[in-house]
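Enquirer: Sequence:
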Amino acid sequence: MARDRHALLSRIRQWEQRRREGKPTDRLAGELAQAVARSAARAAERRAGLPQPEFDPALPVNQRLDELRAAIERHQVVIVCGETGSGKTTQLPKLCLALGRGVRGLIGHTQPRRLAARSVASRIAQELKSTLGEVVGFKVRFTERSSDKSYIKLMTDGILLAETQTDRYLTAYDTLIIDEAHERSLNIDFLLGFLKQLLPRRPDLKVIITSATIDADRFSQHFDGAPVMEVSGRTFPVEVRYRPLDERDEDQHELDMEAAIVEAVEELARHGPGDILVFLPGEREIRDTAEQLRKARLSAYEILPLFARLSNEDQQKIFRPSGGRRIVLATNVAETSLTVPGIKYVIDTGLARINRYSPRAKVEQLLVEKISQAAARQRAGRCGRVAAGVCIRLYSEQDFNARPAFTDPEIVRSNLAAVILRMAALRLGKVDEFPFLEAPSSRLVADGYQLLHELGAVSERGEITELGQSLSRIPVDPKVGRMLLAGEQFGCLREMLILASALSIQDPRERPFDAREAATRAHARFSDEKSDFLSFLALWDFFDEALQNKSSNRQLIQLCHTHFLSHLRMREWRELHAQLSQIADELKLRRNELPATYEPLHKALLTGLLGNVGMKSLEGDDYLGARGIHFHIFPASGLKKARPKWLVSAELTETSKLYARCVASIQPEWLEALAPHLVKYHYFEPHWEKARGEVVASERVTLYGLNIVPRRMVSYGRVAPQEAREIFLREALANGQLSTQAPFYRHNQALIRDIEQLEHKARRQDVLVDEQTLFDFYAERVPAEVCTAAGFDAWRQDAERSNPKLLYLTRDYLMQHAASHITEDQFPPKLSTPDGELTLRYRFEPGHALDGVTVDVPLPLLNRLNPAQLEWLVPGMLREKLALLIKSLPKALRRACVPVPDSVTRFLERQPDGQAALLPQLALFVQRLVGAPVSVADFNPDTLPAHAHMNIRVLDDGKQE
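Numbering-wise (our numbering), the sequence shown opens with residue -16 and increments by one.
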């Protein structure tokens, strides 16, 4: 039926399009007429088979049946508001049948949870005197029971959302009932926004929205003033009693709560007969409380747990009447989704596990929180259906009054990546323009886009990519879907299908509170010392072998219990695996024939978990994660003791601490290739590397602040070519660090060395032009793209063909001023001695051992050297020495030598003996000027700088010092 309706609407759109374009429509008109005829015949057949429902007048909703009928007929959207137990969930779809709905399309009826979808479908089928799967069908994540004869289809809101991928206009339905809309789950809020856009395009579609709280006005405003119909659900009064727990430390609180529940049960037992419904935060608290109740020996009561992941058989126990009294221990699944029959008393702990996403830390926080006032009223409303009820709240009235009026909608506390991806795939426009009932914060929207960009599902501009289109077709978390797509790329799709389905369900390994050690020993056979993900593969193989060798289902269930495994979750795992395998086939993903090795498998996992990597802290057992967070390995992990240096986790969840669950050891080098769009490169210490002939720098690679490559040498020219060119010109050419035998370079370096020698001899550094002048010389001639030795050499050879002297420096260019006084006579290269000429070397470097002039003396000539001759240095340095010696005289003697330079000149004009000691001759000269005795002792040679003394470098036979 759905296919026929979809085909008919598609033909109508094609016909209208061709008519607008002025194209022939005869053939399409004929096909359209045939499709209309088939549709009419099918509708007539279904109308003839419409069930005739009966309505129980005792139910509150049926007391306003005529008003509801009229509102549904007159309006496209109707809001039905009433407390749970009013019958609206079971009676509204029957009322739609009575109105003739379900003929042109199904009556779609959504529930927030699978358990509710199954149980409501069974109840409606029972009231319509039909077998489940015929008139009334249902579809949940792993199960579908319906037929072509179905008129009503129960499903989770997630299933309806998934159908929008293939049926954008929801043509399979002529009526939609969105039940329990007050829960404001992410799926419900998205559905309400989607329907607001869809309704103008589907005027034939009727929508009924039910809410169990007084906040229904918000839904009415969202749908442009849709009418609100109030129905009463309570038939008997409910007495609320407050029994707050004693204020103690947090560790004691949980034990106090269990004891308080036992006391409350005993109090209600004295009050009179009737079943008791106890609301607890989660599955673990239910098990622990059940144990305490059994220890209390409440033999008159049957204790029944109720939570979403309970087996269907155990869930159905609460709907079957029993002869005795019952205590139902439930999570908030019984708050609004299900009406547990026969409840007379409620015990409300006032707590629930609320999932909150932190966009700052990028982690899920599953913490026990206080419920809102609206949720508390819902819980209290669960009693008083069969008689006057009593609700005991294990908190104070002041505490109740201080709580928020309503529970925060999931859309303001969840990661929005999946919603954004679905919207992009359906081309529904920007998130901030989508008609959400309550718009999410811009921070959450930005975080969702950031995650999708991390996965490669959207571009930097937020546009969906080809990979994102494929990802939107996989009905799991986008991170898990990304790993699945990477499975083909890395040759591990077979293993990835197993892991992706495992990560999308609750861990099938059970760790009962009272048998933790036994569970740990049983699970040890599946553990892997490097990867918890491989534990899932070992577990899969174990169960697969058990399935092949089983003799009965009972034997298989017992085997699971022996190994502390949930048979229900193992079966759920395989069902999801089959579903994902089918999708992989539709996407034409190729499975690997050979088993995948460790590296490609974990690289595929990393594509979806790039934000969940961590590096071991230098101190302590914690890990430094992305964006500066710190976390610990979950205690049950097989890597808790190994503590690898780098790891990746399937999820980061904050309970008492921030824990990484399901972790594996990885190599940080893998991350760079997997996240080229996310890693950041940092460069430091750029410098010229003569051996490599290029400018290099140290490169550091980071991912979300983690150093995945601390340091490596890279060519700086490809990173910052302009800066690299400047360094090349300055260091390689201007500073002479280029390794080449090019004629221009030898000429220029020899010329520079000659001028540098002039500076050493003159003991001044202002003869040779500065580095900037040399840099400018080469910068004017060398092209902008040249920054390496190889590139420079190729350009030079080509350029010199037309201008051979292009890069040749001249002496005039290199010298800032003339140095005519620096002659060979003043600064001879050799020192003449009776034994021959000795080499002289000049150096201008104050503080250096060889600062000044140095004579190289072979060791055999050392004793034959005339020390007096060395006192005279060289002519170019003698004048300075003489002036300094005269200035060292006492003031009375020194006054006679003023001006000193003139006195030095007169002394040298007398042509003193350069082979005799200097000081005696200078003393005699000064004595003549003063006219009084002057001795050598009057001079103070110690005041002379080091360069005023001849340096002696003694060489051995090998001319080594």
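It is possible that part of the hints are untrue.
As the list claims (entries may be wrong) - Beta-carbon label-pair distances, calculated as ranges:
(1) Pro787 x Arg683: 40 to 48 Å
(2) Ala23 x Ser130: 49 to 57 Å
(3) Lys874 x Leu844: 55 to 63 Å
(4) Ser600 x Glu352: 45 to 53 Å
(5) Asn718 x Lys874: 44 to 52 Å
(6) Glu449 x Ile540: 40 to 48 Å
(7) Gln748 x Asp885: 27 to 35 Å
(8) Ser130 x Phe525: 54 to 62 Å
(9) Lys640 x Glu512: 49 to 57 Å
As the list claims (entries may be wrong) - PhoX-like mimics (lysine-lysine), calculated; alpha carbons at most 25 Å apart, straight line:
(10) Lys663 x Lys624
(11) Lys623 x Lys640
(12) Lys513 x Lys628
(13) Lys663 x Lys599
(14) Lys300 x Lys278
(15) Lys673 x Lys663
(16) Lys533 x Lys599
(17) Lys513 x Lys624
(18) Lys513 x Lys533
(19) Lys413 x Lys513
(20) Lys513 x Lys623
(21) Lys353 x Lys179
(22) Lys132 x Lys112
(23) Lys571 x Lys599
(24) Lys673 x Lys640
(25) Lys599 x Lys513
(26) Lys663 x Lys628
(27) Lys300 x Lys112
(28) Lys640 x Lys353
Hints listed in this document are in silico derivations from the structure and should not be mistaken for laboratory results.
Only a predicted model underlies this, so the values are computations on that prediction, with no experimental measurement involved.
Each residue gets a CB set at the ideal place from its N, CA and C atoms; glycine is no exception.
Enquirer: Assess, step by step, whether the Cα of Lys663 is no farther than 25 Å from the Cα of Lys599, and give holds or violated.
Expert: Cα-Cα ~21 Å, so holds.
Enquirer: Just to be sure I understand the hint, the distance between the Cβ atoms of Lys874 and Leu844 should be within 55 to 63 Å; is that true here?
Expert: Given a distance of about 42 Å, which is not inside 55 to 63 Å, the answer is violated.
Enquirer: Given the hinted pair Lys673 and Lys663, is their alpha-carbon gap at most 25 Å?
Expert: 28 Å, violated
Enquirer: Quickly compare the C-alpha distance for Lys132 and Lys112 to 25 Å and report which way the hint goes.
Expert: OK: Lys132 and Lys112 at ~14 Å, within 25 Å.
Enquirer: For the pair supplied as a hint, Lys673 and Lys640, confirm whether the alpha-carbon distance does not exceed 25 Å.
Expert: 53 Å, violated
Enquirer: Keeping to a limit of 25 Å between CA atoms, is the pair of Lys571 and Lys599 held or broken?
Expert: 39 Å, violated
Enquirer: Does Lys628 sit within 25 Å of Lys663, going by the straight-line distance between their CA atoms?
Expert: Holds - the C-alpha atoms of Lys628 and Lys663 are around 21 Å apart, at most 25 Å.
Enquirer: For the pair we were handed, Lys353 and Lys179, check the Cα-Cα distance against 25 Å.
Expert: Roughly 33 Å separates the two Cα atoms, so the pair is violated.
Enquirer: Is the hinted pair Lys623 and Lys640 satisfied, with a Cα-Cα distance of at most 25 Å?
Expert: 15 Å, holds
Enquirer: Using the Cβ atoms, figure out if Pro787 sits within 40 to 48 Å of Arg683.
Expert: Since Pro787 and Arg683 have Cβ atoms about 45 Å apart, the given range 40 to 48 Å holds.
Enquirer: Does the alpha-carbon distance linking Lys513 and Lys533 stay inside the 25 Å limit?
Expert: Outside the cut-off at roughly 31 Å; violated.
Enquirer: Does Lys353 lie within 25 Å of Lys640 when you go C-alpha to C-alpha?
Expert: Within the cut-off at roughly 19 Å; holds.
Of the numbered hints stated above, those contradicted by the structure are hints 2, 3, 4, 8, 9, 10, 15, 16, 18, 19, 21, 23, 24, listed in ascending order.
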